[in-house]
Amino acid sequence: MSAQAAGSVGPTAGASLTLFSCFAGMGAGLVELSIASSYISGRGPLVWAGGIFAAWGLALLASSIGSLQRGRLRFRKPTTLGLLAAVLVHVGFLVAGMAQRVLDGGHLAALFLVLMALGSSAWLARRFRDDVGGVAQAPPRAGALLGAAFAAAVVVAAITTPGLAASVAGAHAVPHGEHSLPGGHNH
1 MSAQAAGSVG PTAGASLTLF SCFAGMGAGL VELSIASSYI SGRGPLVWAG GIFAAWGLAL
61 LASSIGSLQR GRLRFRKPTT LGLLAAVLVH VGFLVAGMAQ RVLDGGHLAA LFLVLMALGS
121 SAWLARRFRD DVGGVAQAPP RAGALLGAAF AAAVVVAAIT TPGLAASVAG AHAVPHGEHS
181 LPGGHNH
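To convert, note that position 186 of the sequence shown is 186 in the working numbering; the numbers rise steadily by one, no gaps.
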């Protein structure tokens, strides 16, 4: 393996990992917002936590969307610190819940999504380096990038969906088989 290959990632792999990290960040942001809604609507002693989860969820969404727009991870250091803190918070909530024999699907999904974003971001930070020497790098291969985007979306959706369903909003959602048009006409 050459020195170039050991220290950098091809354009398709780098772009694919960036997509995966951003998708995981968006999924985590959505689940964080659903966790926030659960705490805020509960009006219990953890209402203040709902505000923190809401702010963190919005920050994850903004950072992920900004990174997708740029094509590279943005705000890497603050986001990494936030993701590490989120891991600790979610593990704490999961341990506290398991002490009461309750497994919170929202916190579990958020933990997995945060770990996916953190891991892919850390891998990119360690392996990807910019070529400031002016040598243009080939663009990512479109077919491979499309396949990677599809795979990343499926993996993230498979974890995000149960996390959203575990929230208060998910508990009140109308099951898909019960949707109907006004007047009782089913479609």
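Among the hints, a few may not be true.
[To be verified] Computed beta-carbon distance windows for the label pairs: (1) Arg141 <-> Lys77: 29 to 35 angstroms; (2) Ala62 <-> Gly97: 26 to 32 angstroms; (3) Pro45 <-> Thr161: 25 to 31 angstroms; (4) Arg76 <-> Ala158: 24 to 30 angstroms.
Just so you know, these hints were derived from the structure itself, not from any lab.
Since the model is a prediction, treat every value here as computed from it, not as a measurement.
Think of the CB as a built atom: it goes at the ideal place given N, C-alpha and C, for glycine as much as any other residue.
Verification of the hints:
Under the hint 29 to 35 angstroms, the C-beta atoms of Arg141 and Lys77, about 30 angstroms apart, fit the expected range. Taking the beta carbon of each, Ala62 and Gly97 are about 28 angstroms apart, inside 26 to 32 angstroms as hinted. Between Pro45 and Thr161 the beta carbon distance is about 29 angstroms. The supplied range of 25 to 31 angstroms therefore holds. Between Arg76 and Ala158 the beta carbons are some 26 angstroms apart, a value that agrees with the proposed interval 24 to 30 angstroms.
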